[in-house]
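Chemist: Chains as they are written, first to last, in my numbering: chain A, 1 to 280; chain B, 1 to 327; chain C, 1 to 424.
A couple of the hints might just be wrong.
[Claimed, not checked] FRET-style restraints, in silico, Cβ to Cβ:
#, chain 1, residue 1, chain 2, residue 2, range
1, C, Ala372, B, Leu166, 51 to 57 Å
2, B, Val315, C, Ala223, 47 to 53 Å
3, B, Gly78, C, Glu346, 58 to 64 Å
4, A, Thr121, B, Ala218, 35 to 41 Å
5, A, Leu120, C, Ala60, 54 to 60 Å
6, A, Leu138, C, Asp316, 29 to 35 Å
7, C, Asn376, B, Leu166, 53 to 59 Å
8, B, Trp27, A, Ala74, 46 to 52 Å
9, C, Glu375, B, Gly168, 54 to 60 Å
10, C, Ala163, B, Glu171, 20 to 26 Å
11, C, Glu59, B, Val35, 53 to 59 Å
12, C, Gln108, A, Ala111, 51 to 57 Å
13, C, Asn64, B, Met86, 40 to 46 Å
[Said to hold, decoys possible] Here chain B is said to cover these stretches of chain C; the calculated rule only asks that three of the stretch's residues, wherever they fall, bring their Cβ under 8 Å from a Cβ of chain B:
#, stretch
14, 252 to 258
15, 333 to 346
FYI, nobody ran anything at the bench for these hints, they're computed from the structure.
Bear in mind that the values here come from a model prediction, so they are computed numbers and not experimental data.
Backbone N, C-alpha and C define an ideal beta-carbon position, used for all residues, glycine too.
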Amino acid sequence: MVNRAPQETRGNWKTYTALAAFMVISAFPVYWMFVIATSTDEKVMGFPPTVIPGDQLLVNLGEVFGMQDVYFTASLINSVIVAGVVTASTLFFCSLAGFAFAKLRFKYRNALMVVVILTLTVPNQLGVVALYILMARLDWNGSLLAVIAPGLVTAFGVFYMRQFIGHAIPDELIEAARIDGALTLRIYWTVVVPAIRPALAVLGLLTFVATWNDFQWPLITLGGTDFPTSMVALSDLASGNYVIYRRVLAGAFAATVPLVILLLIGGRQIVRGIMEGALK
Amino acid sequence: MSLIDEVRPAPPGEPKHAPPPRGRYWWYRFDTKTVPYLLIAPFFLLFAVFGLFPIIFNAVVSLRNWRIDEPDDRSWAGFENFSRLMTDEDFWNALGNTFGIFVLSTIPQLLIALMVANLLNRKLRATTWWRVGILLPYVTPVAASTLVFAMFFARDYGLANWFLSLVGFGEEEPIDWRATKWSSWIAIATMVNWKWIGYNALLYLSAMQSIPKDVYEAAAVDGAGPWKQLWRITVPMIQPVILFTVVLSTIGGLQLFNEPMLFDQNPASASGGSDGQFQTIAQLIYKVGWKDLNLGYAAAMSWALFLIILIVAGVNALATRRLGGDK
Amino acid sequence: MGRSVRRAAAAGLVAALALTGCSGQSLEGGNDEASDGQITLKINFWGDMGLDKLKTQYEAEHTNVKIVLNSGEYNAQHEDLQKKLVAGSGAPDISAVDEGFIVQFRSQADQFVNLLDKGASSYESKYLPWKWQASQSADGKQIGLGTDVGGLAMCYRTDLFKAAGLPTERDEVSKLWPTWDAFLETGKKYTAATKKKFVDSGTNLFNPVLAQQPVGFYDPQEALQMEGGPKVAFDVSMKAIEAGISANLASFQPNWDQGFKKDQFAALACPAWMLGHIQDTAPDQKGKWDIASIPGGGGNWGGSWWTIPKQGKNVDEAYKFVEWLVQPAQQIEVFKTVGNLPSQPELYNDPAVLDYKKEFFTNAPTGQIFAATAENLKPQYLGKKNGPTRVAVENVITRVQEGGLKPEAAWAEAVKEAEKASKA
Numbered sequence: 001m002v003n004r005a006p007q008e009t010r011g012n013w014k015t016y017t018a019l020a021a022f023m024v025i026s027a028f029p030v031y032w033m034f035v036i037a038t039s040t041d042e043k044v045m046g047f048p049p050t051v052i053p054g055d056q057l058l059v060n061l062g063e064v065f066g067m068q069d070v071y072f073t074a075s076l077i078n079s080v081i082v083a084g085v086v087t088a089s090t091l092f093f094c095s096l097a098g099f100a101f102a103k104l105r106f107k108y109r110n111a112l113m114v115v116v117i118l119t120l121t122v123p124n125q126l127g128v129v130a131l132y133i134l135m136a137r138l139d140w141n142g143s144l145l146a147v148i149a150p151g152l153v154t155a156f157g158v159f160y161m162r163q164f165i166g167h168a169i170p171d172e173l174i175e176a177a178r179i180d181g182a183l184t185l186r187i188y189w190t191v192v193v194p195a196i197r198p199a200l201a202v203l204g205l206l207t208f209v210a211t212w213n214d215f216q217w218p219l220i221t222l223g224g225t226d227f228p229t230s231m232v233a234l235s236d237l238a239s240g241n242y243v244i245y246r247r248v249l250a251g252a253f254a255a256t257v258p259l260v261i262l263l264l265i266g267g268r269q270i271v272r273g274i275m276e277g278a279l280k
Numbered sequence: 001m002s003l004i005d006e007v008r009p010a011p012p013g014e015p016k017h018a019p020p021p022r023g024r025y026w027w028y029r030f031d032t033k034t035v036p037y038l039l040i041a042p043f044f045l046l047f048a049v050f051g052l053f054p055i056i057f058n059a060v061v062s063l064r065n066w067r068i069d070e071p072d073d074r075s076w077a078g079f080e081n082f083s084r085l086m087t088d089e090d091f092w093n094a095l096g097n098t099f100g101i102f103v104l105s106t107i108p109q110l111l112i113a114l115m116v117a118n119l120l121n122r123k124l125r126a127t128t129w130w131r132v133g134i135l136l137p138y139v140t141p142v143a144a145s146t147l148v149f150a151m152f153f154a155r156d157y158g159l160a161n162w163f164l165s166l167v168g169f170g171e172e173e174p175i176d177w178r179a180t181k182w183s184s185w186i187a188i189a190t191m192v193n194w195k196w197i198g199y200n201a202l203l204y205l206s207a208m209q210s211i212p213k214d215v216y217e218a219a220a221v222d223g224a225g226p227w228k229q230l231w232r233i234t235v236p237m238i239q240p241v242i243l244f245t246v247v248l249s250t251i252g253g254l255q256l257f258n259e260p261m262l263f264d265q266n267p268a269s270a271s272g273g274s275d276g277q278f279q280t281i282a283q284l285i286y287k288v289g290w291k292d293l294n295l296g297y298a299a300a301m302s303w304a305l306f307l308i309i310l311i312v313a314g315v316n317a318l319a320t321r322r323l324g325g326d327k
Numbered sequence: 001m002g003r004s005v006r007r008a009a010a011a012g013l014v015a016a017l018a019l020t021g022c023s024g025q026s027l028e029g030g031n032d033e034a035s036d037g038q039i040t041l042k043i044n045f046w047g048d049m050g051l052d053k054l055k056t057q058y059e060a061e062h063t064n065v066k067i068v069l070n071s072g073e074y075n076a077q078h079e080d081l082q083k084k085l086v087a088g089s090g091a092p093d094i095s096a097v098d099e100g101f102i103v104q105f106r107s108q109a110d111q112f113v114n115l116l117d118k119g120a121s122s123y124e125s126k127y128l129p130w131k132w133q134a135s136q137s138a139d140g141k142q143i144g145l146g147t148d149v150g151g152l153a154m155c156y157r158t159d160l161f162k163a164a165g166l167p168t169e170r171d172e173v174s175k176l177w178p179t180w181d182a183f184l185e186t187g188k189k190y191t192a193a194t195k196k197k198f199v200d201s202g203t204n205l206f207n208p209v210l211a212q213q214p215v216g217f218y219d220p221q222e223a224l225q226m227e228g229g230p231k232v233a234f235d236v237s238m239k240a241i242e243a244g245i246s247a248n249l250a251s252f253q254p255n256w257d258q259g260f261k262k263d264q265f266a267a268l269a270c271p272a273w274m275l276g277h278i279q280d281t282a283p284d285q286k287g288k289w290d291i292a293s294i295p296g297g298g299g300n301w302g303g304s305w306w307t308i309p310k311q312g313k314n315v316d317e318a319y320k321f322v323e324w325l326v327q328p329a330q331q332i333e334v335f336k337t338v339g340n341l342p343s344q345p346e347l348y349n350d351p352a353v354l355d356y357k358k359e360f361f362t363n364a365p366t367g368q369i370f371a372a373t374a375e376n377l378k379p380q381y382l383g384k385k386n387g388p389t390r391v392a393v394e395n396v397i398t399r400v401q402e403g404g405l406k407p408e409a410a411w412a413e414a415v416k417e418a419e420k421a422s423k424a
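Required output: the full structure, derived from the provided sequences and hints.
Modeler: In structure tokens form, the structure reads like this:
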């Protein structure tokens with residue numbers, strides 16, 4: 001037989017078995033989270049450990065949301081606000097800048113783009129201490145502003161938008177609009193935005209997921225306040241003097257569900273975004 | 001595909017407008033000369049304030065005495081914070097842990113991702129379903145999944161020990177996963193691997209699919225089985241992406257924070273175990289800055305971490321190229 | 001072309017900006033005074049201080065006050081308070097401060113409301129003298145009103161003792177262990193008979209034994225004194241670990257809580273405040289616990305004060321609530337719900353305390369048991385760095401329990417870590 005490219009080879013039962021096994025392992029922790037979230041204390045501490053869901057989900061969730069000192073309900077709302085605002089702003093500002101870099105001519109354009117690319121690689125953790133001091137000056141520590149502001153734009157967003165706009169929109173289209181007398185902003189709004197909707201979906205989903213899951217900076221600035229994000233509330237849930245696993249994991253489950261739904265709806269876009277070279 | 005794309009040549013020439021009506025010329029001039037800067041301005045402004053400034057200011061902080069509980073003392077410390085690093089046992093311990101966990105997580109992560117990508121790179125039914133499915137760990141919040149793993153790796157009544165006892169291991173003396181360096185590193189590396197394998201597999205997959213078919217057909221490897229094919233043809237062809245993932249994992253792995261933080265029995269302590277056996281540098285920075293309240297020293301540690309990341313990412317990139325027998 | 005998309009995007013952006021604007025105002029931490037004169041008082045503490053019912057009662061009596069109970073982890077709450085005091089904002093309206101941290105905070109008395117200014121001086125005569133003095137700064141400011149004291153006793157499981165062939169009646173059990181050595185011997189018997197562990201953890205032997213010593217980690221001149229009391233306490237904990245009678249659970253952590261439910265230990269040193277934790281953690285063990293006297297004599301472990309950080313916006317309302325909390329009726333209520341023994345000796349003779357029998361603990365007369373230990377107490381001086389020092393030494397004990405450190409080498413390590421903590 002001639003050597004055939006893998007992508008031309010049909011998957012056999014071994015392929016499927018191996019993939020299925022990998023899937024099961026991938027899904028197991030999330031499944032087990034659900035199992036514990038639905039169980040009683042006795043079940044949780046049973047030996048051998050339980051692997052079948054119970055019927056206590058509502059009870060456990062009720063306890064989590066009822067815990068006054070963890071602010072869980074508020075934390076979910078906060079997470080929605082933070083991730084929502086950050087996503088909207090990233091999409092808007094990064095597509096504007098991406099458009100300019102891809103299709104407009106201006107002085108120092110290339111030099112500025114190199115700056116954007118260089119900043120892609122700088123680890124954000126480097127600035128955490130100074131960011132905290134900055135937020136203290138602004139008196140924003142402990143408020144959602146402190147979490148939102150640093151996320152409003154990302155270098156990756158600009159880079160990604162520039163790539164996409166560069167490929168997706170023919171120059172002629174923009175030329176034509178100009179000849180019709182359209183101003184730049186109008187072109188952005190009527191030509192660019194409609195054409196890059198798929199890219200906006202991809203970038204939006206990736207940004208939302210990353211923002212929702214962010215933990216370190218929110219912990220630093222929101223830890224110990226009444227306005228945690230859901231990740232910070234989760235860590236509070238896990239560090240009190242009464243840590244009850246079924247409760248902790250019910251909380252974890254509640255904070256995970258929105259993202260699983262997002263994956264179900266937008267999975268295709270997320271896959272595409274990553275395969276086009278997304279950053280973590 | 002790769003990150004540092006060529007900075008593409010300028011697309012259209014000088015924008016050709018419809019002949020401007022008289023008196024409105026300045027408006028068009030404004031539109032072509034100034035508006036582009038206005039479009040990129042929000043990004044650069046926000047980035048300068050919340051991205052760039054903290055990094056520069058961090059350097060200033062690291063050279064000063066900057067304790068949260070001594071707000072009146074902001075005097076210059078020179079390189080005191082840095083020289084203290086050299087003799088700080090906690091720092092070296094955390095550095096060792098960070099590397100240990102990094103090695104245990106990166107290598108299996110990328111190897112398994114390669115295998116999975118290779119499996120996905122076939123003609124499959126329900127292609128999309130598989131691809132979306134392996135992303136479940138990626139979208140699961142680290143905080144949530146780590147809490148699950150923290151239970152999984154419990155000494156008493158943990159699932160991990162139960163599995164081990166099934167194969168007759170540690171029945172008498174169950175493993176206290178958090179107690180020793182190696183066991184806690186393995187536990188944490190497992191969490192990292194779990195989260196990122198699917199993601200990396202997709203990166204590899206996209207690269208694999210862009211390999212032209214005739215490369216395989218033309219390959220003079222006699223009766224090359226799929227395994228040989230993978231190592232002889234596929235891997236060398238997707239080497240740039242592998243390089244990219246190695247650099248990404250280095251940047252991410254050396255900043256590891258969430259997993260060791262929440263794996264602790266008492267996540268509020270930030271101590272990484274009773275003896276710091278799994279305390280990472282990022283965690284130590286948090287502890288020094290916000291529990292010991294010494295921001296100046298924490299800033300110096302951040303710089304050290306940054307330098308280490310630069311060096312390691314560079315070395316890894318070089319090594320990966322070498323291994324691939326590159327141009 | 002996507003008009004709807006455009007509209008949605010615009011709406012989203014406006015909403016986003018509006019939300020950011022709003023959150024800037026109303027979500028900026030601390031106390032938000034709503035327009036209708038509603039006042040929110042946030043109270044930070046740890047564990048269970050028996051406030052749930054009292055909160056409802058107070059809110060019903062004061063309709064303009066809303067009370068937010070914020071229970072967190074013991075060390076984290078104190079660290080958080082310290083951080084917020086320094087930052088100048090974000091502290092709760094009322095914060096509990098434990099004995100282990102009171103010296104640290106009273107030395108920053110200018111950060112707290114001097115309760116004497118609010119008329120607290122009338123309470124001085126009601127408190128145990130040492131309790132009143134412990135929260136007073138060097139220049140005479142009073143930063144806190146005492147809640148409870150942590151007189152020592154030994155809680156044990158009657159059902160497990162019975163199964164091991166040990167006596168179960170509380171006086172007989174007390175006779176088993178006049179000294180700590182006798183206690184360890186009992187433990188060995190228990191473990192031999194049942195193959196199960198006797199005590200929960202080395203740290204929960206270290207702390208009560210340390211509390212019994214005349215001098216703790218620090219002498220009144222703030223010098224670290226490891227070779228005195230700490231050495232005695234450390235040795236007891238090491239002996240227990242080496243004898244294999246400790247379940248080696250890190251106390252106040254999830255596995256410890258599990259250990260209660262899974263019968264992983266049969267005895268636990270219990271200051272009065274521990275009773276609440278036991279009954280909250282293992283509610284179905286009602287009637288299976290009892291309380292005997294502790295080996296080695298009296299001592300005090302823990303007990304707290306209510307403090308009011310100065311930065312709060314409603315310090316007057318906060319004081320009113322604190323004052324209400326320390327009134328006899330409320331103190332007795334707390335005592336009955338969670339077991340915390342009041343620090344006002346008058347109450348020890350109150351029939352409501354004196355005759356109280358705690359059903360959960362086989363009707364043990366908790367008032368009598370704990371009051372007896374509290375009144376005869378010679379308080380120990382706890383240094384400014386007492387909190388962190390204790391954490392450091394506890395960590396060393398945990399390392400021994402985890403097997404990472406040999407008991408022989410542990411003491412040197414404990415001294416080293418304690419010195420580090422005392423200088424941090």
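Chemist: If you check each hint against the structure, which ones fail?
Modeler: 13 and 15
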